[in-house]
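Modelling step: build the complete structure from the supplied sequences, incorporating the hints.
The numbering of the sequence shown is our numbering, which starts it at 301 and goes up by one.
In short, the hints are calculated from the structure, not lab data.
Source: prediction; values computed, not measured.
All residues carry an ideal CB built from backbone N, CA and C; glycine is no exception.
One should not assume that every hint holds.
Here are the in silico distance ranges between beta carbons for each label pair [stated by the list, open to error]:
| hint | residue 1 | residue 2 | range |
| --- | --- | --- | --- |
| 1 | ASN614 | ASP662 | 26 to 32 Å |
| 2 | SER851 | PHE454 | 54 to 60 Å |
| 3 | THR843 | ASN614 | 37 to 43 Å |
Computed cross-link-like contacts, DMTMM-like style, restricted to lysine to aspartate or glutamate with a CA-CA straight-line distance of at most 20 Å [said to hold, decoys possible]:
| hint | residue 1 | residue 2 |
| --- | --- | --- |
| 4 | LYS611 | GLU817 |
| 5 | LYS907 | GLU814 |
| 6 | LYS826 | GLU925 |
| 7 | LYS914 | GLU817 |
| 8 | LYS634 | ASP658 |
| 9 | LYS604 | GLU338 |
| 10 | LYS475 | GLU590 |
| 11 | LYS902 | GLU817 |
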Amino acid sequence: MALLDKIHSPDDFRQFSIAELNTLAEEVRERIVSVVSETGGHLASSLGVVELTLALHYVYQTPTDKIVWDVGHQCYPHKILTGRNAAFPTIRQYGGLSGFPRTAESPYDVFDVGHASTSISVALGLVHARNIRQEKHDVVAVIGDGSMTGGLAFEGLNNAGAQKSNITVILNDNKMSISPNVGALSSYLNRILSDEHYNKLKKDVWELTGRLKGVGFGIRNLMRRVDETVKHLILPGKLFEELGFRYFGPIDGHHIEEMVSLLRKIRKNVSGPVLVHVVTKKGKGYEYAENDAPRFHGVGSFEKETGKFQKKSNLPTYSFIFGKTLCRLAEMDKRVVGITAAMPSGTGMENFAAKFPDRYFDVGIAESHAVTFAGGLAASGLRPVVALYSTFLQRAYDNLFHDVALQKLNVLFCLDRGGLAPDDGPTHHGAFDLSYLRCIPQAVIMAPKDENELQHMMFTALQTDGPVFIRYPRGNGTGAALDSDFRAITVGESEVLVKGEGKVLLLALGEMVERAEQVADILRAKNISPTVVNARFLKPLSTIQLVDLISSHQFVVTLEAGTKIGGFGGAILELMNEQRLEKGHRLLRIAYPDEFIQHGDKELLYKEMGLLPKEISNTIENALE
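Below, the structure is given as structure tokens:
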């Protein structure tokens, strides 16, 4: 019987020997590869922290002790080891386990996460809650070196270091960018710094010198300088020490015995803020993921034996078309520069980065900086294009307002994953962008009906003054043929696709245009002949054109892939109110409900929300009765 089959909680392996823990690590790794090859998911990051996860649960008495995972991409070993192994094949599936820590799922998940750089601030909040309630438990934040590029992480470090409370931060470094000193000397020094006798002697001498008048200050100063000099010559942790943390590392994040020994000593002997620097290899234990970790970061299903992905469609993705178009636009206009926040592959910017390295900027996981940086570029006459996932632009809202829109700077924001990011769930859905962008003065907001329109909108955006936002869905396009030449679209103007003969007007935005056409086909089979309009723009709206369309129909239906509150339907409602069109005209808004939508297959989620063509047509028919 495999060791993993006996594990239902960390209590089941806390008495294991180191050899048994190493065996268990291999079984967990095999389990992850086997399941994710079928379901898809975040593979490489989870494979990289198997031993670290085991060591943490082995040393700390979870769930009484709290472990806060940053982002959560790496949580698969944690889920498997905390009673969810049997359910693991449902990971990211509709009704199954979330791909991220979720408090509703397990007491071992202490905070809902999905965005980067939050763990230290969260952990510090848990620490102070513990102190106020006079509880006795440890709090550990686990953060990757990528997340450490986010400003929020340093805000948390700065505050935690100043407050001197007992908190442990694990820096999971899987890029080797700040860790050249993994070896015998640093391991030896870590053993000294965490040793009980060393820490007691240091404390006793410090207290004694405080009572010695005259010479005491000089001795203390010498002790401090020797301590700092030795550590800073050997260890790369000066920055963290300056922020008020005791630094330990770097240590091998795949050496369970070394991690267990150090964590136990720190837990027993060291007080105040502590940072433990562990070095791991992303994709560890699966050859294909080790050799190409970025490609195996977030994956669909693949052949476990060969590492080959199972291609679901030959159609180009919106991300690919974005990247291809950006390269063409950059060739036409030397002012065009590209910015992304640690997502060159996900946003489709890889080719641009290769072709225009001097005009490409990956700012790390720093969306706020990306937006303000773009503002600086635009203020100097360049045409920055910022490519982000829709959900991550939420993190830079004040920067949008203060550093771009207020000055009407020429920045193009291309928002990938507008609408649902199905498998990743509520932290990644781009459900709110239409609502939070529409209220920004001077903004132009577009959503293409297909990939061909995307390229024309990007061309149009670079001819338009002020901030422009284009949002498009995740995944493959519709298969629309791509025009060889760009053409400008009149700002605010909609496109009438089908002129109906009845009283129903379907106004659709973005990806919902295709759905509106499907709904129209169903309705026509029932002798209802709607007019179908590709709205193209959320802002500005062509008042004259829309008033004419609405006036010639009795029943107006808006369709959008976003939350109902404050979105496209709301804009049409306001227009009808301002133009006094409510009388004799009815409005039905088809949109996402006012809730956080869970993870799962896109069509299943749409069915649950009543947004499949059949459900929408039924809703329209019922409203017409």
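Right, here's what the structure says about each hint:
1. Look at ASN614 against ASP662: about 29 Å separates their beta carbons, and that is inside 26 to 32 Å.
2. Here the CB-CB span from SER851 to PHE454 is close to 56 Å, well matched to the stated 54 to 60 Å.
3. Roughly 41 Å separates the CB atoms of THR843 and ASN614, a value that falls within the hinted 37 to 43 Å.
4. Of the supplied pair hints, the one linking LYS611 and GLU817 is violated, its CA atoms being roughly 27 Å apart against a limit of 20 Å.
5. Of the pairs offered as hints, the one joining LYS907 and GLU814 holds, with about 16 Å between alpha carbons and a cut-off of 20 Å not exceeded.
6. Between LYS826 and GLU925, the direct Cα distance comes to roughly 13 Å. Compliance with the 20 Å bound is thereby established for this hinted pair.
7. For the hint pairing LYS914 with GLU817, the CA-to-CA distance comes to about 12 Å; that is within 20 Å, so the pair holds.
8. About 11 Å separates the Cα atoms of LYS634 and ASP658, which keeps this hinted pair within 20 Å; it holds.
9. Of the pairs offered as hints, the one joining LYS604 and GLU338 holds, with about 9 Å between alpha carbons and a cut-off of 20 Å not exceeded.
10. At roughly 12 Å between alpha-carbon atoms, LYS475 and GLU590 fall within 20 Å of each other, so this suggested pair holds.
11. Restraint check: the Cα-Cα separation between LYS902 and GLU817 comes to about 19 Å, which is no more than 20 Å; the hinted pair holds.
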